[in-house]
Structures are given as structure tokens and as C-alpha cells.
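Kindly produce the complete structure, drawing on both the sequences and the hints.
There are 2 protein chains.
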Amino acid sequence: MGIEIERKYLVNPTLWQLTKPLAVATPIRQGYLSLNPERTVRIRIKNNNAYLTIKGKNEGIKRIEFEYPIPLEEGLDLLPLCEGAIIEKTRYTIAIEGLTWEIDEFEGENLGLIVAEVELQAEHESIRLPVWIKQEVSLDPRYYNANLVQCPFKNWK
Amino acid sequence: MGIEIERKYLVNPTLWQLTKPLAVATPIRQGYLSLNPERTVRIRIKNNNAYLTIKGKNEGIKRIEFEYPIPLEEGLDLLPLCEGAIIEKTRYTIAIEGLTWEIDEFEGENLGLIVAEVELQAEHESIRLPVWIKQEVSLDPRYYNANLVQCPFKNWK
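Top line first, the protein sequences correspond to chains A and B. The UniProt record's numbering puts the first residue of the first sequence at 1, with every later residue one more than the last. The UniProt record's numbering puts the first residue of the second sequence at 1, with every later residue one more than the last.
If you are wondering where the hints come from, they were derived from the structure by calculation, not from laboratory data. Source: prediction; values computed, not measured. A portion of the hints provided could be inaccurate.
Note that the list lumps identical chains together, so a pair holds whenever it fits in one copy or between two copies.
[Stated by the list, open to error] Taking lysine to any residue and the SDA-like style, the derived pairs with C-alpha atoms no more than 25 angstroms apart in a straight line are: (1) K134 to V24; (2) K157 to P80; (3) K57 to L72; (4) K157 to T100; (5) K20 to Y68; (6) K134 to R91; (7) K46 to E74; (8) K46 to Y68; (9) K57 to E73; (10) K8 to E73; (11) K46 to E67; (12) K57 to I45; (13) K57 to E67; (14) K46 to I28; (15) K57 to N47; (16) K57 to R29; (17) K57 to P69; (18) K20 to L81; (19) K46 to A85; (20) K62 to L76; (21) K62 to P80; (22) K8 to I86; (23) K154 to P13; (24) K8 to G112; (25) K62 to P21; (26) K157 to R142; (27) K46 to P69; (28) K62 to I127.
Encoded structure:
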């Protein structure tokens, strides 16, 4: 069974600017065929590749995840079927001390939001946080991408 | 874009019994990650194969359809994530005059329901109906498999 163990953090934008030139930038567009947190179904277009991803309910920082590459053309056909808005973001990827960090700078309705994610091998794996990490938000459902479709950052108080 | 054009019929069980021995029987189990008619997401286990299928909203007898084979083990892991009941049925397949008919005999909560489907190349393709066909139900949403999860045949008046 595919299990994703992931921690999520807010980013200090000023400090992040200093590291950002070292990271690889990838544009991402994604939408959801199911926004239900019990079983999200995501269509993602990343560079010129498309993926269909199913995730189960979060249990702490862990959840079931299955990802299938699909033909790009079919991914683009499926995007308009999605519920609600399409999320657009640029993902910056950078390896630091053996861990791969993914820093998502959101656009559109979620402009201003910058979130860093790191995938772990075990729930209690200790990690050294880069200086541009501000605060952990792993357990805060507002930051789930599926929730950002329904309640985008610009509407937060 | 994958388009499915399909007509659906009720079956006369007595007459169908005479043809049934000529058909190939396949057990099917399926569940839905999304039951929303705008975008159903289905996990199907058929023999020892698993498929992930996305269908768009019905427009008459036509709708968008994309199907992806997935590893059996992952299909079995995804089934418990599905919303509501799992549909169980035996599918009988038979070729008649160049068309492939699929006759589904439902089990469990939908026991007693027998539905025949035929996939067409065009919406207005003329077809000769086998003698065991009773009545067309292509446009009746009660017979959508996604709806049989929520409102099974045994609960119908």
C-alpha cells in the first residue's frame, strides 16, 4: 500500500528569496475530481506530464497515496471536469541534507501563500529545518490543497 | 477525448436464461471514489485485473470516459476507500451481429436486477435488439451503477 508521510510548513518569504535561486522551478496546475477528505482524487499537470493521484484521509501526517501517470492530453481533458477552481502554483524543489524540499508558491486566489513540504520515511524521523521555515502546519486542514480550492487563501481572515 | 456511447436495457430473465449458456461470465466488484454524476471515479476489480475509470456527466447516451488499468493489489487497497456499498455483479458478455452485449446480473442489495448494455460507435446507430431485451432505460438515472450504490434495487418501490 502506498503511504505518504509528509510535514508541511509556512515559509518566511524574505529568507526563502535567498535560497530560491538554487531550487528547480516547475509550474503545476491541479484540480480535484473528489474534494472529499476521505478520498481526494487529483488531476495534476506538471511540466508536460499528467498524473492522477488518489489520497486517503489524513491520519496525523500520514495517509494512503496512489499516483498514476496518465497521457498529458487526457489530463488536460479531465481538468475541466474538476470540482471548483484549478490550483496554480510554482513548485521549487531543492535537496538539503538528504531530504527533498518542495516549496509551493501559490498563484491566483491563493497568491501570497508559500508552503514547504518534505516527505519522510517515518513519522518520527527527526529533521533539521532550513532557516526559511517559519511554522509547522501539517495538521491544519486549511492548508490541504483540496481545501484551498474551496476556501482560497485570499478569503482567509 | 474518450467518449462512451452506450444504450442500456432491462432484460427478460426467462428468455435471457436460454442465451446465457453461450455468454462468457466474469465476476465484477466495483466501488466509487466519487459518486457525483458530474464526475464519477470508479475502482473496478474484474477477474484478476483492476481499473480506475473516470466518467463525466451523461449527455443523453454519451459521456466522457477514461479508463486506466492499475495494479490489482492497489485496486484492492483502494476499494475500502470507496463511498458507500461495493457493487457486486456477474457480467455476461456475448457478441451478436457484430455488437458486444454485456449483461449484468447484480447481487447483494441489487439482487434481481439484470441490465444489458451495448456500446455504440455513434449516437444514432441503429441496432437490432435480441429477443431477451425488454425495455430501454438508457436515460433513467436510477440504473446508473453509481446510483445503485446509494439507492439499491431492493429499496425501490
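Hints and how they fare:
{"no.": "1", "hint": "K134 to V24", "verdict": "within (21 angstroms within a copy, 61 angstroms between copies)"}
{"no.": "2", "hint": "K157 to P80", "verdict": "neither (29 angstroms within a copy, 37 angstroms between copies)"}
{"no.": "3", "hint": "K57 to L72", "verdict": "between (27 angstroms within a copy, 21 angstroms between copies)"}
{"no.": "4", "hint": "K157 to T100", "verdict": "neither (32 angstroms within a copy, 57 angstroms between copies)"}
{"no.": "5", "hint": "K20 to Y68", "verdict": "neither (29 angstroms within a copy, 37 angstroms between copies)"}
{"no.": "6", "hint": "K134 to R91", "verdict": "within (18 angstroms within a copy, 56 angstroms between copies)"}
{"no.": "7", "hint": "K46 to E74", "verdict": "both (13 angstroms within a copy, 23 angstroms between copies)"}
{"no.": "8", "hint": "K46 to Y68", "verdict": "both (13 angstroms within a copy, 19 angstroms between copies)"}
{"no.": "9", "hint": "K57 to E73", "verdict": "between (29 angstroms within a copy, 19 angstroms between copies)"}
{"no.": "10", "hint": "K8 to E73", "verdict": "neither (31 angstroms within a copy, 29 angstroms between copies)"}
{"no.": "11", "hint": "K46 to E67", "verdict": "both (13 angstroms within a copy, 21 angstroms between copies)"}
{"no.": "12", "hint": "K57 to I45", "verdict": "both (23 angstroms within a copy, 22 angstroms between copies)"}
{"no.": "13", "hint": "K57 to E67", "verdict": "both (15 angstroms within a copy, 24 angstroms between copies)"}
{"no.": "14", "hint": "K46 to I28", "verdict": "within (5 angstroms within a copy, 34 angstroms between copies)"}
{"no.": "15", "hint": "K57 to N47", "verdict": "neither (27 angstroms within a copy, 28 angstroms between copies)"}
{"no.": "16", "hint": "K57 to R29", "verdict": "both (22 angstroms within a copy, 23 angstroms between copies)"}
{"no.": "17", "hint": "K57 to P69", "verdict": "both (22 angstroms within a copy, 23 angstroms between copies)"}
{"no.": "18", "hint": "K20 to L81", "verdict": "neither (34 angstroms within a copy, 38 angstroms between copies)"}
{"no.": "19", "hint": "K46 to A85", "verdict": "within (17 angstroms within a copy, 34 angstroms between copies)"}
{"no.": "20", "hint": "K62 to L76", "verdict": "between (29 angstroms within a copy, 20 angstroms between copies)"}
{"no.": "21", "hint": "K62 to P80", "verdict": "between (29 angstroms within a copy, 17 angstroms between copies)"}
{"no.": "22", "hint": "K8 to I86", "verdict": "within (21 angstroms within a copy, 34 angstroms between copies)"}
{"no.": "23", "hint": "K154 to P13", "verdict": "within (17 angstroms within a copy, 58 angstroms between copies)"}
{"no.": "24", "hint": "K8 to G112", "verdict": "within (16 angstroms within a copy, 50 angstroms between copies)"}
{"no.": "25", "hint": "K62 to P21", "verdict": "neither (30 angstroms within a copy, 49 angstroms between copies)"}
{"no.": "26", "hint": "K157 to R142", "verdict": "within (12 angstroms within a copy, 43 angstroms between copies)"}
{"no.": "27", "hint": "K46 to P69", "verdict": "both (11 angstroms within a copy, 21 angstroms between copies)"}
{"no.": "28", "hint": "K62 to I127", "verdict": "within (16 angstroms within a copy, 52 angstroms between copies)"}
Consistency with the previously given hints fails for numbers 2, 4, 5, 10, 15, 18, 25, ordered from lowest to highest.
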